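Residue numbers (the working numbering), protein chains in the order written: chain A, 1 to 112; chain B, 1 to 115.
Since the hints were made in silico from the structure, they are not lab data. None of the values given here were measured: they were computed from a predicted structure. Please note that a few of the clues may not be correct.
Stated by the list, open to error - Stretch by stretch, here's where chain A covers chain B in the computed footprint (C-beta under 8 Å, at least three residues):
# : segment
1 : 31-42
2 : 69-83
As the list claims (entries may be wrong) - Cβ-to-Cβ under 10 Å is the rule here; a few derived chain A residues that face chain B:
# : residue
3 : L46
4 : N53
5 : L65
6 : N66
7 : S69
What the hints assert, rightly or not - The list that follows gives simulated cross-link-like pairs (lysine to aspartate or glutamate, EDC-like), each with its CA atoms no further than 16 Å apart:
#  : chain 1 : residue 1 : chain 2 : residue 2
8  : A       : K42       : B       : E108
9  : B       : K3        : A       : E45
10 : A       : K42       : B       : D38
Beta carbons: idealized from backbone N, C-alpha and C, even for Gly.
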Amino acid sequence: QKEVEQNSGPLSVPEGAIASLNCTYSDRGSQSFFWYRQYSGKSPELIMSIYSNGDKEDGRFTAQLNKASQYVSLLIRDSQPSDSATYLCAFPTHQAGTALIFGKGTTLSVSS
Amino acid sequence: DVKVTQSSRYLVKRTGEKVFLECVQDMDHENMFWYRQDPGLGLRLIYFSYDVKMKEKGDIPEGYSVSREKKERFSLILESTSTNQTSMYLCASVGGDARNTGELFFGEGSRLTVL
Numbered sequence: 001q002k003e004v005e006q007n008s009g010p011l012s013v014p015e016g017a018i019a020s021l022n023c024t025y026s027d028r029g030s031q032s033f034f035w036y037r038q039y040s041g042k043s044p045e046l047i048m049s050i051y052s053n054g055d056k057e058d059g060r061f062t063a064q065l066n067k068a069s070q071y072v073s074l075l076i077r078d079s080q081p082s083d084s085a086t087y088l089c090a091f092p093t094h095q096a097g098t099a100l101i102f103g104k105g106t107t108l109s110v111s112s
Numbered sequence: 001d002v003k004v005t006q007s008s009r010y011l012v013k014r015t016g017e018k019v020f021l022e023c024v025q026d027m028d029h030e031n032m033f034w035y036r037q038d039p040g041l042g043l044r045l046i047y048f049s050y051d052v053k054m055k056e057k058g059d060i061p062e063g064y065s066v067s068r069e070k071k072e073r074f075s076l077i078l079e080s081t082s083t084n085q086t087s088m089y090l091c092a093s094v095g096g097d098a099r100n101t102g103e104l105f106f107g108e109g110s111r112l113t114v115l
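From just these sequences and the hints, can you work out the full model?
Pasting the structure below:
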């Protein structure tokens, strides 16, 4: 069974710091990876996708993928209190049709 | 905007009762999913469907069944509820292959409590 592991946290950082969130996965054949953000009491929403080794930047967010080591990370620069949420990594599974499986999520708290 | 609507936000049932959770999306998406979310366990896939009348088991299908008679509607059925099915149930949909887009659109969730 394909698995994805995340440190559940909580991860606490001061405002303006860099938050680093990590995820490891078991399936060497995985080609695409996604980061979702879930605010308390809300549903998850996609914030980043990454498909090739290296870094992908989008504003204050950088996703990093290392397929050889089977990990994907999310860096949040200049963290803001509004970034306080649970971050879930996800990747595709199932050969017949497609679905995403999710990590358990890392809870980030940014203090002002 | 894509809208995924779950008909019931909060339900309280007694053990053994039948529960029918309905999900409707308005974007003509082929793929629809049911997940449950529990503290410490994250989001776990129950069932998904990639076409009308087609369904695939996810990681935790035991105790659940699904129905997809129309493209926009995907229902989760709990024939005889048990207390361990107390959870938040999330429906999601995506147009095209999730491997390419990865953007699942989620409903607001249905919180089920089984007494």
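Results of checking the hints against the structure:
Counting residues of the segment 31-42 of chain B whose CB lies closer than 8 Å to any CB of chain A gives 6, which reaches the minimum of 3, so the coverage claim holds. Given as covered by chain A, the segment 69-83 of chain B fails the check, having 0 residues with a CB less than 8 Å from a CB of that chain where 3 are the minimum. Interface hint at L46 of chain A: satisfied, since its Cβ lies 5 Å from the closest Cβ of chain B, which is below the 10 Å cut-off. Because the smallest distance between the Cβ of N53 of chain A and any Cβ of chain B comes to about 17 Å, over 10 Å, the interface hint for this residue is violated.
For L65 of chain A, the interface hint is violated, since its Cβ never comes within 10 Å of a Cβ in chain B; the closest pair sits about 13 Å apart. Interface restraint check for N66 of chain A: the shortest CB-CB distance to chain B comes to about 18 Å, outside 10 Å, so the restraint is violated. Interface hint status for S69 of chain A: violated, as the beta-carbon distance to the closest one in chain B is roughly 21 Å, over 10 Å. Distance check on the hinted pair: K42 of chain A and E108 of chain B sit about 7 Å apart at the alpha-carbon level, within 16 Å; holds.
Proximity of K3 of chain B to E45 of chain A is assessed by CA-CA distance (about 13 Å); at most 16 Å being required, the pair is judged to hold. Our distance criterion of 16 Å between C-alpha atoms is met by K42 of chain A and D38 of chain B, whose separation comes to about 14 Å.
This entry does not satisfy hints 2, 4, 5, 6 and 7, going by the numbered hints stated previously.
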